[in-house]
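K.L.:
All chains should be built: construct the whole structure from the sequences, respecting the hints.
Protein chains in written order, with the working numbering: chain A, -9 to 103; chain B, 739 to 851.
Hint data in this document are derived by calculation from the structure and do not stem from the laboratory.
Accuracy of the hints is not assured; some may be wrong.
Said to hold, decoys possible - Computed cross-link-like contacts, EDC-like style, restricted to lysine to aspartate or glutamate with a CA-CA straight-line distance of at most 16 Å:
1) A:Lys(-7) <-> A:Asp88
2) B:Lys752 <-> B:Glu816
3) A:Lys60 <-> A:Asp12
4) A:Lys(-7) <-> A:Asp12
5) A:Lys90 <-> B:Asp824
6) B:Lys795 <-> A:Asp88
7) A:Lys60 <-> A:Asp45
8) B:Lys809 <-> B:Asp762
9) A:Lys90 <-> B:Asp836
10) A:Lys90 <-> A:Asp19
11) A:Lys(-7) <-> A:Asp19
12) A:Lys60 <-> A:Asp19
13) A:Lys60 <-> A:Glu46
14) B:Lys749 <-> B:Asp824
15) A:Lys(-7) <-> B:Asp762
16) A:Lys90 <-> B:Glu782
17) A:Lys90 <-> B:Glu794
18) B:Lys795 <-> B:Glu806
Said to hold, decoys possible - A few chain B residues that face chain A, going by a derived Cβ cut-off under 10 Å, partial list only:
19) Thr740
20) Gly741
21) Arg769
22) Gln775
23) Pro781
24) Tyr786
25) Gln788
26) Glu794
27) Ser796
28) Leu829
29) Glu838
30) Gln840
31) Phe842
32) Gly843
33) Pro844
34) Gly845
Idealized CB from N, CA, C, for every residue including glycine.
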Amino acid sequence: AQKVTQAQTEISVVEKEDVTLDCVYETRDTTYYLFWYKQPPSGELVFLIRRNSFDEQNEISGRYSWNFQKSTSSFNFTITASQVVDSAVYFCALSSNDYKLSFGAGTTVTVRA
Amino acid sequence: DTGVSQDPRHKITKRGQNVTFRCDPISEHNRLYWYRQTLGQGPEFLTYFQNEAQLEKSRLLSDRFSAERPKGSFSTLEIQRTEQGDSAMYLCASSLWDSETQYFGPGTRLLVL
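P.N.:
So this is what it looks like as C-alpha cells:
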C-alpha cells in the first residue's frame, strides 16, 4: 500500500517569505514517481513538478525548488519569495507501476500582502 | 492545446436521482482517470481507462457508479440513486500512455440534497 503524509495543515506567510512544504511517503515499489500539484480556489489541480525515484538530483525551477531524499522518504517543496498568487492548497502525490496517484491531505498556503 | 474539460462544473441533485458527468481529455492522451475529492482531503482514485478499456476500479466505486469511455475519447461517470455521501468534487485527469504525469480538469462539484 502507498501512503503520502503532509503533516502541515496550514501555513501562513507574509509576501516575499519563503515557504517549505513537507511530504513523507511510503511505498514498497522500487520505481515510483513523486509529484506536487497546486489547487487554487477555482478547484483545478495544476501540475507543478515530477520526480522519478531513481533521480535524486534536486533542482530549481523559477521560484520553485524541491528536496528529494530517498533515505528519509521525503519530497519537500519550497516556494521562494512567495507572492499572493501562490495562495492555494498544495498536494504531494505518489504513483508507481499502477499509474494511479495517491495524494496527501494537502497543505493550505496563505500568502498575505 | 486545450486542456482537460469537464461538464457540468456544478450539479445539485436530490437524493435518489441519477447524475452523469462528462470528461473530455487532452486530445492525444490515451489514459483517462477519475478521482473523487471530499472537503479538506486529497483526491482519491476511482477508476482509469487506457483507450476504451477500463483497467482498474477502486473499491470506492460501488455498484451505483459506472464509468465508460466508448470510443477511447471522452468518458462519462454515472452515479445512480445518489446519496448525500456522494457529495464531492469529481475530478478527471488524462495522460499519455508512456507518461506518469496526469493533467487534471476543473472538476464537477456535486451536491446531493
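K.L.:
Can you list which hints this structure breaks, lowest number first?
P.N.:
When the structure is compared with the hints, numbers 5, 15, 19 turn out to be violated.
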